[in-house]
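Residues per chain are reported as follows:
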Amino acid sequence: MTIKVSRRVFSAGILATGVVGTSRGSFAQGTPKRGGTLVATWGGGEPQACYVPAGGGSSPTFSSSKLFERLARRKMDGAFEGVLAESWKPSADFKTYTVKIRKGVKFHDGKDMTVDDVVYSVSEIWKKYAVASALTDFAGIDSPDADTVVFKYSNPTPEFFFASTLCSPVAYILPKHIYAGSDPVTNPANNAPIATGPWKFKEWVRGSHFEYVKNENYWKKDEPYLDRLIIRYVRDPAGRAAAMEAGDIHIGVFNPVAPPDIKRLTGTGKFVATPKGYEEAVWSTTLECNMRNPVFAKREVRQAMFHAVNREFIAKTVYYGYARPGTSPIYSPNKEFFTADTFKTGFDPKKAAALLDAAGFPKKADGKRFTLNLLSAGWFQENGKVGAYVKQALEDVGVGINLTVPDRPSSIKRIYTDYDFDLAISNQANPSEPVPSTTQYFTTDGILKGVPFRNASGYSNPDVDKLVASIKVETDPAKRKALVFEFQKIITQEAPLLPLVELESITLASTKVQNHSNDPNFLAASWGDLWLAS
Amino acid sequence: MAGELASPTPALRGSARRTAALRLLRRRLIQAVPLMLGVVIINFCLIQMAPGSFLELMTAENQVSDPATVALLRKTYGLDDPVWMQLLKYIWALLHFDFGFSYRQNMPVIQAIWIHLPATILLMVSSIALAISIGVAAGVVASMKVRTFWDSLVSIAAMFFYAAPSFWLGIMMIVLFSVKLGWLPVGGMMKIGGNGGVLDILHHLILPTLALGLFYAAIYTRVMRSSMLEVAQLDFVRTARAKGLSRNKVTIHHVLRNALLPVVTILGVQMGTVLAGSVVIESVFSWPGVGSLLFDSVSSRNYPVVLGIMVLGSLVVIAANIAVDLIYMWLDPRIEIR
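These protein sequence lines are chains U and H, in that order.
Numbering-wise (numbering that gives the first Met the number 0), the first sequence opens with residue 0 and increments by one.
Numbering-wise (numbering that gives the first Met the number 0), the second sequence opens with residue 0 and increments by one.
Isolated chain U, as found in the complex:
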């Protein structure tokens, strides 16, 4: 998953305790009221295009997901639900999936959505751009009749994996009549999309906002409840807080304001803050060891890096309590695959020192064992603070650290193209399905020079590769779960890259806004069911 968010305030992932306490268990009250305009914002900047076929980061996902729709979605209770698909069913060998397509769905220009649009989207957009890394075993798609498409795979494909692919944030169904024969990346429709969702594109005032209006022909007859949806971009977090306080913006997703403002605004009783709605996009701050440095050849040295760092301290101090120590490459909100039964690399500086001594790196006369270059990716402000702490913590056990905090383009180049780091502090956002979004950080085929958010550590272990290959094709849910547990045990012990902390993202909304935060990836939800109370 691409990371492209200005989190100057990320700190909001983050605020001290007490804020979540102001959130409510449910954000839906009474009968939906129709009409009105909802103004929304988010904790990042304006997108490069309204829709980017390859995803392009959270900003275009936020703007496009209100217009385009996927075949399926995941609900808060973890169940999958059809959106443009009515149902799907695997074959006995799990090598094909038959998907029934919803009837009566029209694009915003009045044309019917057909299986041709689905076939085009999957073969030309998903496979080539949007979810290419999840479709490595994809062998084609057919449309045997007007309501059915058949996905074909070269290997058995687990149901959870398949359904997760259908739910992928940018696995949209595009209008073939608009995109066929063009370069999807530069198609002008990317900036004025024609889609099937509850909202129709009206205008994009660059530097200011998107304006969407109600799709009167939406296939869900009751939705959308609102007449108009505005996505407004305010670069400065303090400006967002002021706009929300003045009533100009109703809802901000993904850490829209600074932590003190969350506390202040919720204290007025006019706003609620909640960490709900991010269960399928859990963020973490990670520490990554570059295996190309011979120092890291012994796994005890890698383990020592993590034993030296107090993750609880980072969670409480840098993230104001809006984070929790990370223990596994699969994050704790993942109900399907997380296990706490892993190798422990908790805070223990004495153990770190002992491991380094045993690995053949005793302290020298100057008190240092060796010196490393620590790169803290500057796309989030907090990474620099984490870097400053990690530097101190590692120096306490005799590891000299040269810390740099380059900006986003420089960080991407140094970590993922030049491999110019010994230790890197970076970030990930992973959904529940671990293949490939999580596993690609550890498998040999994830080592792709110049491709960000893959295996930059250079860690290569045939056992892990084999294990991940098994996870990918295991169709028995219980067996698959056991394999993922084993994966976590190996990776936590090998420690090429581990999360320091798992982050909590925050949505801040006016108490007037109803039905928000009701999707495990709320930022990427359609928002057709939101409404405004009087």
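Think of the hints as simulated: they come from the structure by calculation, not from any bench.
Be a bit skeptical, because a hint or two may be false.
Claimed, not checked - Pairs of lysine to aspartate or glutamate, DMTMM-like flavour, derived with a Cα cap of 20 Å:
1) H/Lys190 <-> U/Glu210
2) H/Lys74 <-> U/Asp182
3) U/Lys384 <-> U/Glu311
4) U/Lys390 <-> U/Asp475
5) U/Lys480 <-> U/Glu158
6) U/Lys448 <-> H/Asp79
7) H/Lys190 <-> U/Glu202
Given chain U, put chain H in place with the hints provided.
Just chain H, lined up with the frame of chain U:
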């Protein structure tokens, strides 16, 4: 590029003044050519030296891993040429008013800038107008009431607005006028969904103009006060007074006009800094101008747009300084600018 002043010469009159002005304009335009060339070369080299490239960011955002695709993109954007060749091609394109293509906006650079330019010009013009109006008026008042309560008040206010960071001032004004009092909008250029009428835009323009303009008003106030006091001591002012002219007439017709010269000088020099200041103010007020575009473009290494804005910015500064030279001649006909 404010001109070198020759020793005062007898005032030029009528057609002689026009001829001198045209000669000056021609000379400045010729001088602008190597200057612009220098600006383009230096900016191009600075951008080349910055780590990370727009291609890397683009492939990162689009998860492009295929080496053939990356090579094709490098060729498409001319990045497989040596740097000197890229520079020559860029200069050649500029000569044909082609500022390049912005992959990020998926449109020509000039179009991307053009979309944002009116907002920035509006903000700059209104801020400068505010700064000059307040600065000149306050400077005149302070100089006429020197060492009185009014002089002290003006000095303290000028010091405050000079010292206060623009972004802080902007946020404080939002809190007071938008959040607490509800008089003015928090940000944006017009009401969303509104018709963008003149009054609506003016309503949205007030706070950004104040936040950007008051800093420069403070500078002009201090300069104007000093200049007024200095000119007031000169012989021709004493002569005017001796002729029995009223104090106001002497101040406005004799002192003020001559005291304006330093303010005009600063105005020309500061056109570039006003443009730079608008980057911050546009961020605070979500003003959809070139400053916001520049900020995004630097963050995304969108070099064609960054270069385009720098070239256009340099043109604005050069044009402003030529205008300043001409205003000099108008304000003081004795001045001949070399």
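TODO: With a cut-off of 20 Å on the C-alpha distance, tell me whether U/Lys390 and U/Asp475 pass.
DONE: This hinted pair is violated, its Cα atoms lying about 44 Å apart.
Open item on the list: Check the hint pairing U/Lys448 with H/Asp79 against an upper bound of 20 Å on the C-alpha distance.
Closed with: 18 Å, holds
Task: Pairwise hint evaluation, U/Asp182 against H/Lys74, where the allowed Cα distance is 20 Å at most - done: Roughly 17 Å between the alpha carbons, so the hint for H/Lys74 and U/Asp182 holds.
Open item on the list: Check the hint pairing H/Lys190 with U/Glu202 against an upper bound of 20 Å on the C-alpha distance.
Closed with: Answer holds: H/Lys190 to U/Glu202 is near 14 Å, not above 20 Å.
Open item on the list: Run the distance test for U/Lys480 versus U/Glu158: straight-line Cα separation, threshold 20 Å.
Closed with: Judged against 20 Å, a Cα distance of about 13 Å means the pair holds.
- [ ] Verify the proposed pairing of H/Lys190 with U/Glu210, using a straight-line Cα cut of 20 Å.
- [x] 12 Å, holds
TODO: Assess, step by step, whether the Cα of U/Lys384 is no farther than 20 Å from the Cα of U/Glu311, and give holds or violated.
DONE: 14 Å, holds
Consistency with the previously given hints fails for number 4 only.
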